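Visitor: From first to last, the protein sequence lines stand for chains F and X.
Going by the numbering used here, the first residue of the first sequence is number 1, and it counts up by one from there.
Going by the numbering used here, the first residue of the second sequence is number 1, and it counts up by one from there.
No lab work stands behind these hints: they were computed from the structure.
One or more of the hints may lead you astray.
To be verified - Quick list of in silico lysine to aspartate or glutamate cross-link-like pairs, EDC-like style, CA-CA up to 16 Å: (1) F:Lys-98 to F:Asp-234; (2) X:Lys-138 to X:Asp-89; (3) X:Lys-76 to X:Asp-158; (4) X:Lys-138 to X:Glu-179; (5) X:Lys-76 to F:Asp-154; (6) X:Lys-138 to F:Glu-189.
What you are looking at is a predicted structure, and each value in this text was computed from that prediction instead of being measured.
One letter stands for each residue in the lines below.
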Amino acid sequence: MIRPGDLRLRLVSALAAILLMTPVAGLGPAACYLGLVLALVLAAERTLPWRRLLHLEAFLVLLFLTLPFTIPGETLFRIGPLAASREGVLRVLVLAAKVSGSVLLLSLFFARAEPARLGAALRALGLPEAMVRIFLGLVRYLGLIRAEFARLQDAMRMRAFRPGSNRHTWRSYGNMTGMLLLRAVARAERVDEAMRMRGYAGRFPGSALPPPAAADWLAGAGLVILAGLLLLWDKT
Amino acid sequence: MMAIAELDGVELARDGRRVLDRVTLALEAGDRLAIVGPNGAGKTTLLRTLAGLERPERGRVALFGQDCRSEAEFRKARRRMGFLFQDSDDQLFCPTVIEDVAFGPLNLGQGEAEARATAAATLERLGLGHLAERITHKLSGGEKRLVCLAGLLAMSPDLLLLDEPTNGVDAANGARLMEVLAGFGGAMILVSHDEAFVTRIATRGMLLSDGQLEAAEIHVHAHVHTHPHLHRA
Numbered sequence: 001m002i003r004p005g006d007l008r009l010r011l012v013s014a015l016a017a018i019l020l021m022t023p024v025a026g027l028g029p030a031a032c033y034l035g036l037v038l039a040l041v042l043a044a045e046r047t048l049p050w051r052r053l054l055h056l057e058a059f060l061v062l063l064f065l066t067l068p069f070t071i072p073g074e075t076l077f078r079i080g081p082l083a084a085s086r087e088g089v090l091r092v093l094v095l096a097a098k099v100s101g102s103v104l105l106l107s108l109f110f111a112r113a114e115p116a117r118l119g120a121a122l123r124a125l126g127l128p129e130a131m132v133r134i135f136l137g138l139v140r141y142l143g144l145i146r147a148e149f150a151r152l153q154d155a156m157r158m159r160a161f162r163p164g165s166n167r168h169t170w171r172s173y174g175n176m177t178g179m180l181l182l183r184a185v186a187r188a189e190r191v192d193e194a195m196r197m198r199g200y201a202g203r204f205p206g207s208a209l210p211p212p213a214a215a216d217w218l219a220g221a222g223l224v225i226l227a228g229l230l231l232l233w234d235k236t
Numbered sequence: 001m002m003a004i005a006e007l008d009g010v011e012l013a014r015d016g017r018r019v020l021d022r023v024t025l026a027l028e029a030g031d032r033l034a035i036v037g038p039n040g041a042g043k044t045t046l047l048r049t050l051a052g053l054e055r056p057e058r059g060r061v062a063l064f065g066q067d068c069r070s071e072a073e074f075r076k077a078r079r080r081m082g083f084l085f086q087d088s089d090d091q092l093f094c095p096t097v098i099e100d101v102a103f104g105p106l107n108l109g110q111g112e113a114e115a116r117a118t119a120a121a122t123l124e125r126l127g128l129g130h131l132a133e134r135i136t137h138k139l140s141g142g143e144k145r146l147v148c149l150a151g152l153l154a155m156s157p158d159l160l161l162l163d164e165p166t167n168g169v170d171a172a173n174g175a176r177l178m179e180v181l182a183g184f185g186g187a188m189i190l191v192s193h194d195e196a197f198v199t200r201i202a203t204r205g206m207l208l209s210d211g212q213l214e215a216a217e218i219h220v221h222a223h224v225h226t227h228p229h230l231h232r233a
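Build out the structure end to end from the sequences listed, making use of the hints.
Guide: As structure tokens, this is what we get:
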């Protein structure tokens, strides 16, 4: 049992582990964290979520290019007039390990979770109903709105529209964005009305979730304790 | 005679299902072709393929005597064709009616004032002058349909592709729509499951089912019939 099966415990333990790792500044604990998470992911899934990581690593490359040259400290090497500091390189490595580890952890815990079940778990943890509804509504309607966007673009192309950098283009895109927002609001109102017509009174009745199994408690606690130990190592 | 639009052995699959199966058709100037078929038969896909919004895996698409394969070739052809989308809301994106109708003419290179004049004249011609300053998303379903059509006609197309033209249109607006389409001089393809409407305008008919297009004929039944009406009491 490497990760809790219960989504509530996954939410709480992942949040706690990530918060505990935030202040870590030493390369040892950070690398250890990344290694542990990698081992968890490989044990559970046998493969890494490359596509998800790609977006993140692009951002990290940016840090690799800037941080060593902007943090003052002992000079490690020079490129022309720029000096890379030991402290800067260290900071980037720590950051990369922590961020990659956390994203991998989140993807391991939540990538395959059904949005509806995640919503139920968030609700059970006491998140305000409005926020749960925003989350579930986003998941449900993002696809629809994206499809609407694609059809609007098709219709514009059919009327000989060619985007360029001119006033006509910017105004057309402005109008289109405005129209999408307006429709999204109108749709939200219709959905709300349809829900009310079916007896919705501001809360999903959804049955209470069963208490998590003992093994889930164990796995969740294990994760938090490991993160706590790493923090302890870092601070001593 | 040069064909306005041609499909030759067009095949297209989506999610492993054959949506168009060796579809062949030729449309000549002045032709008004009605394509009738049940939901999911591939009617919309057929129109989208003609417009280049969908590319076939096999087969040939030709518009105005030119083979079209690349986006650039289709883009040129689109300046001469109008596509009425199944859902009017997919087309209307400008705040006011006049702006939306002027969008096409602007894309064809008309100046601001000229495009507005073209739009105003088109609306006037269709008897929609009173809608010019109205907000597009507050129009009724039938008005939206007619404004969409005005947006296409403002570009003086030679070919109209109409996807379910009677969608959400009431009787009065339907009669006006019929009038406008009957007065259109170019070629058109009407795709619908509303057989009664399209066969009144069309000069030819074809049937599409399970992605296969077959020739059909339009004939008039000369028999006495009764049907229910709703009148003011």
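Visitor: Looking back at the hints listed earlier, which ones does the structure fail to meet?
Guide: The structure conflicts with hint 4 only, although it agrees with all the remaining ones.
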